[in-house]
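Residues in the first sequence are numbered consecutively from 1, following this note's numbering.
Be a bit skeptical, because a hint or two may be false.
To be verified - Below are the BS3-like pairs computed for lysine-lysine, each with C-alpha atoms no more than 25 Å apart in a straight line: (1) Lys79 - Lys142; (2) Lys294 - Lys361; (3) Lys33 - Lys150.
Claimed, not checked - Ranges of calculated distance between the beta carbons of each label pair, as one might list FRET restraints: (4) Leu217 - Glu117: 44 to 54 Å; (5) Glu6 - Glu590: 45 to 55 Å; (6) Ile395 - Leu217: 21 to 31 Å; (7) Asp7 - Leu189: 54 to 64 Å; (8) Gly106 - Ser8: 21 to 31 Å.
For the record, the hints were derived by calculation from the structure and aren't laboratory data. Note that the structure is a prediction, hence the values are computed from the model and not measured. Where is the CB? At the ideal position from N, CA and C, for every residue including glycine.
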Amino acid sequence: MSDRYEDSLLYRIRHSAAHVMAQAVLEFYPDTKYTIGPPVENGFYYDFEFSQPVVAEDLEKIEKRMRQIVAGQHKFEKKVISADEARQVFKDQPYKLELIDGLEKGGLDEYGNPLKEKPEISIYQHDKFTDLCRGPHVDTTKQINPSAFKLMSIAGAYWRGDEKNKMLTRIYGTAWEKPDELKNYLQMLEEAKKRDHRKLGKELEIFFFDDEVGPGLPLWMPNGTIIADELENLAKEMEANAGYQRVRTPNLTKEDLFLRSGHLPYYAESMYPPMELEGVKYYVKPMNCPMHHKIFGARPRSYRELPIRLAEYGTCYRYEKSGELFGLMRVRSMQMNDAHIYCSEEQFESEFMGVVGLYKKYFELFGIEKYVMRLSLHGKAGLGKKYVDNERLWIKTEDMVRRAMTNGNVPFVEVEDEAAFYGPKIDVQIWSAIGREFTLATNQVDFAVPERFDLKFVNKDGQEEIPLCIHRAPLSTHERMIGFLIEHYAGAFPVWLAPEQVRVIPITDGQNDYAAQLAAQLREAGVRVSADLGAERMNAKIRGAQLFKVPYMLVIGPNEAAAGVVSLRMRDGFQLNNMPVAEFMARVQEKISTRSSQL
RNA sequence: GCCGACGUAGCUCAAUCGGCAGAGCACCCGCCUUGUAAGCGGGCGGUUACGAGUUCGAUUCUCGUCGUCGGCUCCA
1 MSDRYEDSLL YRIRHSAAHV MAQAVLEFYP DTKYTIGPPV ENGFYYDFEF
51 SQPVVAEDLE KIEKRMRQIV AGQHKFEKKV ISADEARQVF KDQPYKLELI
101 DGLEKGGLDE YGNPLKEKPE ISIYQHDKFT DLCRGPHVDT TKQINPSAFK
151 LMSIAGAYWR GDEKNKMLTR IYGTAWEKPD ELKNYLQMLE EAKKRDHRKL
201 GKELEIFFFD DEVGPGLPLW MPNGTIIADE LENLAKEMEA NAGYQRVRTP
251 NLTKEDLFLR SGHLPYYAES MYPPMELEGV KYYVKPMNCP MHHKIFGARP
301 RSYRELPIRL AEYGTCYRYE KSGELFGLMR VRSMQMNDAH IYCSEEQFES
351 EFMGVVGLYK KYFELFGIEK YVMRLSLHGK AGLGKKYVDN ERLWIKTEDM
401 VRRAMTNGNV PFVEVEDEAA FYGPKIDVQI WSAIGREFTL ATNQVDFAVP
451 ERFDLKFVNK DGQEEIPLCI HRAPLSTHER MIGFLIEHYA GAFPVWLAPE
501 QVRVIPITDG QNDYAAQLAA QLREAGVRVS ADLGAERMNA KIRGAQLFKV
551 PYMLVIGPNE AAAGVVSLRM RDGFQLNNMP VAEFMARVQE KISTRSSQL
């Protein structure tokens, strides 16, 4: 038995639940046009075109009716029919007719993607409901547990996922084999909400957005700035060790540069509109690469210098559409852990895998385990539009990346039509707390732009050669990385990243002097520390420190002050009483300098 | 950008049918002198996102704008 989701009982339950939902919906709204309703991760959805507005409050009655239908223990019966018979069955259903046409003529699947073989056309029937469907389904509705599914939300979705098409109404549901699994899933969603970076970011005073500043333009508060600075220090250290050189470039450039780079022809949609002064157009940069290319091209280069690795934590601006913004994970101003590696074709594999190695070091340091490396390929239809129009070079560089990853024994998946406009890339996909997928790090090959910039180096034989360029951002942008890390750690950052590492808590104001002196001593040693000298009870102060997820609390009363020691309470509740100051100092410094994940 | 929902104090949330806008926390001022997640009292804080409209009267109803959220599209 295969362990593919598509072959599982759960998949069939969800697929069947989608049909049951469609039946209930059609009973309530008989002139609804129904489209497709597949299983997805954790559940299913079905897309409808309603003739009247259907809102979230309506889900309850639909769900109730679904339970009645399920209780009827109806059989799911498959029938293979001809296209013409199918047209007869669905004569009043325009979307189904379009699907039938796709299946028959173009060999298109339900999403509009081409199929290799012409599929058979089948319908599934249960109770009084018939759907065009290739299955599979459960045998009877008896297998759908009425206490293990729930309708979740209502949303808009384009027919066939194309924004040029009509917007349909999508109803999402979740379904499981057993009621307990549903309960666990709902509980998990609640937990996820608690670690949502938008909530924690505000609570922990890391960042915020202001209406007058603008959507997608985060303001970093002191706590967030510490985290960003620490990440930057980490990157600089790692990149220095890996032979990178640092550069700095302006945030603004003339139109000419982005015409040459190809950003204006291929990327203008994501760029802020130009500002014009004295008849010259200037653009805010959406990427740093064109400037780095200029630095590479500033003087003749020899093969002896290669690879040249230029790094910059560059600030870029991209005009993301308003509905696409999402907390820190999708913003309009961002600081990228950017670098461009210029190398020869022979050097490509080791350079590319060097970057992959860097990723892995970072992921190990942060304890990031749930991620997928994705080889993002071009899409044939996008050549000349989304992608540089040179299919031969696309295929060649895609092969180079594939070979490098395979040789390096790094598992990856391949996805078409996800490349950058200038070349294929390895994207590292991660998931936000609420389950949304994002590209965190990226490692891209550029076979097109160096030529446009007339970049070259002189090889051993005295001939001019065009270098390859690798664009890479293993630590992503500060925005997405920190958004991700907030959720990854649920706000409880390791000591080296924690905005406040130690909080000194005197029990009575008789220890305020000792507390202040301790804090000064720690601060002197480079530790981020504060002393809570307020008038509250010690209990309230501890609570305050816990809520801010400060890793170490030093509780000091008359005894500690007299003995010149500290009582250490850690964020996880663990206590070590009467610790000599020097011992605590050594502990903190060790955790910081090794970037330990332990307290 | 598109579909839908939402927007009340710094934060979390109340306010019946359209009838004087409220609580807790935070903040400030006192009192208490405290042993590992909230001591007590008082005070400050609002153009109910913004702009129109309906009404004797709008937080409440209607329209528009802005923003946020759930998705779609798109992406580091």
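Consistency of the hints with the structure:
1. Lys79 - Lys142: Measuring from Cα to Cα gives roughly 20 Å; hence the hint holds.
2. Lys294 - Lys361: Cα-Cα ~30 Å, so violated.
3. Lys33 - Lys150: 22 Å, holds
4. Leu217 - Glu117: 44 to 54 Å: 50 Å, holds
5. Glu6 - Glu590: 45 to 55 Å: 50 Å, holds
6. Ile395 - Leu217: 21 to 31 Å: 40 Å, violated
7. Asp7 - Leu189: 54 to 64 Å: 26 Å, violated
8. Gly106 - Ser8: 21 to 31 Å: 30 Å, holds
Checked against the numbered hints above, the structure breaks hints 2, 6, 7 and satisfies the rest.
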